[in-house]
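**Student:** Sequence:
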Amino acid sequence: MMSEVLKPRCLLSFIAAFVLTACNNDNSSSNLVAGVYSGVAQSEVNDVISVKATVLSQSDVIVSTWDDREHQKTAKANVLDKNDTFSFFEAQYECQQDNVNLSCISDYGSFQLRPVEAEETSITEYIGIYSAIKGGVTHHLAIEKNGTVTMSTQGCSSRGELSLLDSPKGVALLSIEGENCNIPDLEAVAELKINNQSLFSIELESAEASFPQVWVKQ
1 MMSEVLKPRC
11 LLSFIAAFVL
21 TACNNDNSSS
31 NLVAGVYSGV
41 AQSEVNDVIS
51 VKATVLSQSD
61 VIVSTWDDRE
71 HQKTAKANVL
81 DKNDTFSFFE
91 AQYECQQDNV
101 NLSCISDYGS
111 FQLRPVEAEE
121 TSITEYIGIY
131 SAIKGGVTHH
141 LAIEKNGTVT
151 MSTQGCSSRG
161 ELSLLDSPKG
171 VALLSIEGEN
181 CNIPDLEAVA
191 ELKINNQSLF
201 SIELESAEAS
211 FPQVWVKQ
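Residues in the sequence shown are numbered consecutively from 1, following my numbering.
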């Protein structure tokens, strides 16, 4: 029979272990799973929109939506310090990591974003010179075989890099330092588009509205 002296000690040990476990489980930092997630949702005018969330890291999430006319809207999500959650578009939408999916809510209804695999590609497929027009200004983007990028705008050049990430696997990330040209730094998810094996373009998802979204290969 356990002595009366040992009983309180065992009880205290049990309580301490319980409290420690609870503290360990109460992790205020985000545990979002890196990956690309896709789904559909309702907009504020009740239109169906396509939604894509690219979770680059625990604190870096880029979200894009497209309406039925392929108009793109991109934002950098606000990662919240609770329940693996982030919000976007001025907190109109909020998504939470739910096992392998993202469960999302908004004033317009609930929806799920499911993981999708990025198509396998290589830096060599992006090599070339691309151009885009934004606000009547022509921009040029040159991508070299080592991933080095040069963006030229109105006689000013900025350097950057195009890299293929290991996590999320297959995602291409374009980073450009804009200091030389007095423009914002750019971080964008890049996707190569090929139409009829002849028309090559790059679509960028960036929260920086001053950068063009579609670049066509010359």
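Source of the hints: derived by calculation from the structure; they are not laboratory data. Mixed in with the good hints there might be a few duds.
Claimed, not checked - Computed Cβ-Cβ distance ranges for the label pairs, DEER-style:
#1 Ile-105 / Gln-58: 15 to 23 Å
#2 Arg-159 / Glu-191: 32 to 40 Å
#3 Thr-124 / Ser-152: 15 to 23 Å
#4 Leu-199 / Asp-81: 39 to 47 Å
#5 Thr-150 / Asn-99: 39 to 47 Å
#6 Val-100 / Asp-185: 28 to 36 Å
#7 Gln-112 / Lys-134: 30 to 38 Å
#8 Glu-119 / Asp-98: 19 to 27 Å
#9 Asp-81 / Ile-129: 20 to 28 Å
#10 Ile-133 / Asn-31: 18 to 26 Å
As the list claims (entries may be wrong) - Pairs of lysine-lysine residues, derived as DSSO-like cross-links and limited to a Cα-Cα distance of at most 30 Å, are as follows:
#11 Lys-52 / Lys-169
#12 Lys-169 / Lys-193
#13 Lys-169 / Lys-73
No residue lacks a Cβ here, since even glycine has one placed at the ideal position from N, Cα and C.
**Student:** Now tell me, hint by hint, if it's right for this structure.
**Tutor:** Status of the hints after comparison with the structure:
no. : hint                          : result
1   : Ile-105 / Gln-58: 15 to 23 Å  : holds, 21 Å
2   : Arg-159 / Glu-191: 32 to 40 Å : violated, 22 Å
3   : Thr-124 / Ser-152: 15 to 23 Å : holds, 22 Å
4   : Leu-199 / Asp-81: 39 to 47 Å  : holds, 44 Å
5   : Thr-150 / Asn-99: 39 to 47 Å  : holds, 42 Å
6   : Val-100 / Asp-185: 28 to 36 Å : holds, 32 Å
7   : Gln-112 / Lys-134: 30 to 38 Å : holds, 34 Å
8   : Glu-119 / Asp-98: 19 to 27 Å  : holds, 25 Å
9   : Asp-81 / Ile-129: 20 to 28 Å  : violated, 43 Å
10  : Ile-133 / Asn-31: 18 to 26 Å  : violated, 41 Å
11  : Lys-52 / Lys-169              : holds, 16 Å
12  : Lys-169 / Lys-193             : holds, 18 Å
13  : Lys-169 / Lys-73              : holds, 24 Å
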